[in-house]
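Undergrad: Residue numbers (numbering that gives the first Met the number 0), protein chains in the order written: chain A, 0 to 262; chain P, 0 to 317.
Please keep in mind that the hints were generated in silico from the structure rather than gathered at the bench. Please read these numbers as outputs of a predicted model, since none were measured by experiment. Treat each hint with caution, since some may be false.
[Unchecked claim] Each computed SDA-like pair below joins lysine to any residue, with the alpha-carbon atoms no more than 20 Å apart:
| id | chain 1 | residue 1 | chain 2 | residue 2 |
| --- | --- | --- | --- | --- |
| 1 | P | K105 | A | G139 |
| 2 | P | K276 | P | S253 |
| 3 | P | K276 | P | P288 |
| 4 | P | K316 | P | K181 |
| 5 | A | K216 | P | P288 |
| 6 | P | K178 | A | E170 |
| 7 | P | K276 | A | R235 |
| 8 | A | K82 | A | N1 |
| 9 | A | K260 | P | T313 |
| 10 | A | K82 | A | I194 |
| 11 | P | K189 | A | G162 |
| 12 | A | K250 | P | D221 |
| 13 | P | K181 | P | D59 |
| 14 | A | K50 | A | S151 |
| 15 | P | K283 | A | I240 |
| 16 | P | K140 | A | S220 |
| 17 | P | K181 | A | I194 |
| 18 | P | K105 | P | T136 |
| 19 | A | K250 | P | D300 |
| 20 | A | K250 | P | G317 |
| 21 | A | K250 | P | Q218 |
| 22 | P | K181 | A | T164 |
[What the hints assert, rightly or not] Partial list, derived from the structure: chain A residues whose beta carbon lies under 10 Å from chain P:
| id | residue |
| --- | --- |
| 23 | E35 |
| 24 | T164 |
| 25 | A165 |
| 26 | E167 |
| 27 | M175 |
| 28 | S208 |
| 29 | G211 |
| 30 | A214 |
| 31 | A257 |
We put the CB at the ideal spot given by N, CA and C, even for glycine.
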Amino acid sequence: MNIVVCVKYVPDATAERQFESDHTVDRVGVDGLLSELDEYAVEQALQLREKRDGEEIEITALCVGPEQATDAIRKALQMGVDKGVHVVDDAIAGSDSLATSLVLAKAVEKIGDVDLVMCGMASTDASMSVVPAMLAERLGLPQVTFASAVESQGEVFRVRRDGDTATEIVEGRLPMVLSVTDQTGEARYPSFKGIMAAKKKPLESWSLSDLGVDAEKVGLSAAWSAVEDTEARPPRSQGEIVTDEDGSGAKALVDFLASKKFI
Amino acid sequence: MTEILVLVDHVDGAVRKPTLELLTIARRLGEPSAVFIGADASQAIESLKKYGAEKVYVVDDADMATYLVAPKAEALQQLVEKTSPGAVLISSNAEGKEIAARLAVKLDSGIITDAVDVQSDGGTPVTTQSVFAGNFTVTAKVTQGTPIITVKPNAATPEAVDGAATEEKVEVSVSDGAKTAKIIKSEPRKASGRPELTEAAIVVSGGRGTGGNFEPVEQFADSLGAAVGASRAAVDSGWMPHAFQVGQTGKTVSPQLYVAAGISGAIQHRAGMQTSKTIIAVNKDEEAPLFELVDFGVVGDLHAVLPAATEGVTERKG
Ligand SMILES: Cc1cc2nc3c(=O)[nH]c(=O)nc-3n(C[C@H](O)[C@H](O)[C@H](O)COP(=O)(O)OP(=O)(O)OC[C@H]3O[C@@H](n4cnc5c(N)ncnc54)[C@H](O)[C@@H]3O)c2cc1C
Numbered sequence: 000m001n002i003v004v005c006v007k008y009v010p011d012a013t014a015e016r017q018f019e020s021d022h023t024v025d026r027v028g029v030d031g032l033l034s035e036l037d038e039y040a041v042e043q044a045l046q047l048r049e050k051r052d053g054e055e056i057e058i059t060a061l062c063v064g065p066e067q068a069t070d071a072i073r074k075a076l077q078m079g080v081d082k083g084v085h086v087v088d089d090a091i092a093g094s095d096s097l098a099t100s101l102v103l104a105k106a107v108e109k110i111g112d113v114d115l116v117m118c119g120m121a122s123t124d125a126s127m128s129v130v131p132a133m134l135a136e137r138l139g140l141p142q143v144t145f146a147s148a149v150e151s152q153g154e155v156f157r158v159r160r161d162g163d164t165a166t167e168i169v170e171g172r173l174p175m176v177l178s179v180t181d182q183t184g185e186a187r188y189p190s191f192k193g194i195m196a197a198k199k200k201p202l203e204s205w206s207l208s209d210l211g212v213d214a215e216k217v218g219l220s221a222a223w224s225a226v227e228d229t230e231a232r233p234p235r236s237q238g239e240i241v242t243d244e245d246g247s248g249a250k251a252l253v254d255f256l257a258s259k260k261f262i
Numbered sequence: 000m001t002e003i004l005v006l007v008d009h010v011d012g013a014v015r016k017p018t019l020e021l022l023t024i025a026r027r028l029g030e031p032s033a034v035f036i037g038a039d040a041s042q043a044i045e046s047l048k049k050y051g052a053e054k055v056y057v058v059d060d061a062d063m064a065t066y067l068v069a070p071k072a073e074a075l076q077q078l079v080e081k082t083s084p085g086a087v088l089i090s091s092n093a094e095g096k097e098i099a100a101r102l103a104v105k106l107d108s109g110i111i112t113d114a115v116d117v118q119s120d121g122g123t124p125v126t127t128q129s130v131f132a133g134n135f136t137v138t139a140k141v142t143q144g145t146p147i148i149t150v151k152p153n154a155a156t157p158e159a160v161d162g163a164a165t166e167e168k169v170e171v172s173v174s175d176g177a178k179t180a181k182i183i184k185s186e187p188r189k190a191s192g193r194p195e196l197t198e199a200a201i202v203v204s205g206g207r208g209t210g211g212n213f214e215p216v217e218q219f220a221d222s223l224g225a226a227v228g229a230s231r232a233a234v235d236s237g238w239m240p241h242a243f244q245v246g247q248t249g250k251t252v253s254p255q256l257y258v259a260a261g262i263s264g265a266i267q268h269r270a271g272m273q274t275s276k277t278i279i280a281v282n283k284d285e286e287a288p289l290f291e292l293v294d295f296g297v298v299g300d301l302h303a304v305l306p307a308a309t310e311g312v313t314e315r316k317g
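Build out the structure end to end from the sequences listed, making use of the hints.
TA: Below, the structure is given as structure tokens:
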């Protein structure tokens, strides 16, 4: 079985995240890393291989992103993924989700014979949660998304999807696109052995022309939505903090609620 | 006037409140046409009429609901091709965003998700989004094709205005390719009797600090008529179902008042509540990072503070 896990390189959420003057996310000046939510997809891919002892399973980490995005792929390789594909091209900068999903879909096609395309539930920067559905649409594959638990037997996958109003069991058959949530279980840390082994694993770099994607179709100028303005929210200033002593806290709390007309 | 398509989010025909908000937004942009997919639209048409829907397209197909997302995107595509609307508005939940995603690919159209406001610039929708855990506000426009916009709950106050709500039945064809992810079981969430988390004006959340006892949180919530939420730590511990989780991988809420009890304030939690109007924290650790955000904070044991506050609120309401 061939598994491709799509991984995104994102600005570290614990650092100061910024916009560039053209309103795109600054992915260069800020420390980046593998989107935490994609680690769950890597983890599920590795677990699938471990569960299917004897079956030959190759796992590829696929990333569309700037030069430094190899860091994200390297982390996936350290966790245990077999090889990496990095689509890197100056023309890609500023791409929207539609262009990104196009490049990902073309790369999946070029990798070839892919049975399972896996994604995290959202990125930790844009957090739109739309790329997996777009990929399924572009590749013409079943879309089994937001899985909070995954079970499989042969080619049939059954997942739990915690929806807004109901919990559903969704079933699909390979080949398909599968996205998983952070409810699927903590991702492993790379072991020392894994970190050493990752150095020898193959990492290919593809350009848009390798994929036959027209540079005009991607990047900021081809984005189908335009940001007019970005504005930092004024920081919240800390209000009154009281320390509870023998019920004084509750009383002060109720007074505050009343003063704000919540009661 | 151009039609604005609004996909109706409903549970067995009962329209959910965010859809009514979408109708109000649609009226700023053009003439609201609701799209109802499912069996028996009669109850829905009644409420859509009260909130200004001029037309209601009914795709009477119960079978569609047994497949994930793809058939609804196909149905909408066919409707867009038929009506050439000025925009398509969809509720910003997991399913809504995925329908929008597929529709955008099908129509070669731009998509904007998670709008917290939509205004009209001469009929063109201008959206406001809140990004990076609520630290930035972004305004944007779709520049290609039919704007496809998903809108968060509470983006507008639903305005009651009478619409014609003319019913028009539409036949759509669903391809076999759209029927490849089958919903083989669906368990509706039990009604809690409390307001919906994402729609509530007040939310009271509990975290690991509850130690698994949510009673003080729930009783305080009930005294205020609030929804109950939880941190991931509380969900991971099995104390609350995932549907109640607030944060990056749970729900984003933006109520008038958010009360966090026994929650430290990790960035992933803040991502889901930071844009609340007023924030209160009860935490026994005065160093808890959430205190940095609050309008009012109590350093103390939630098991003592909340029950006493519940009593106080109930007394005042008398
Ligand atoms: C990929 C990813 C996604 C995540 N998504 C989310 C998400 O969507 N939502 C979310 O909430 N978290 C999320 N998290 C987890 C997040 O990082 C924190 O671990 C979590 O929010 C902590 O929950 P907590 O505040 O309840 O627990 P803790 O951080 O353990 O804090 C408990 C607090 O309770 C206080 N306390 C203890 N006893 C009492 C008492 N008797 N009275 C008053 N206060 C008391 C303590 O002082 C402490 O501040 C995510 C993490 C990751 C890695």
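Undergrad: Which hint numbers does the structure go against, in order from smallest to largest?
TA: 4, 5, 17, 18, 28, 29, 30
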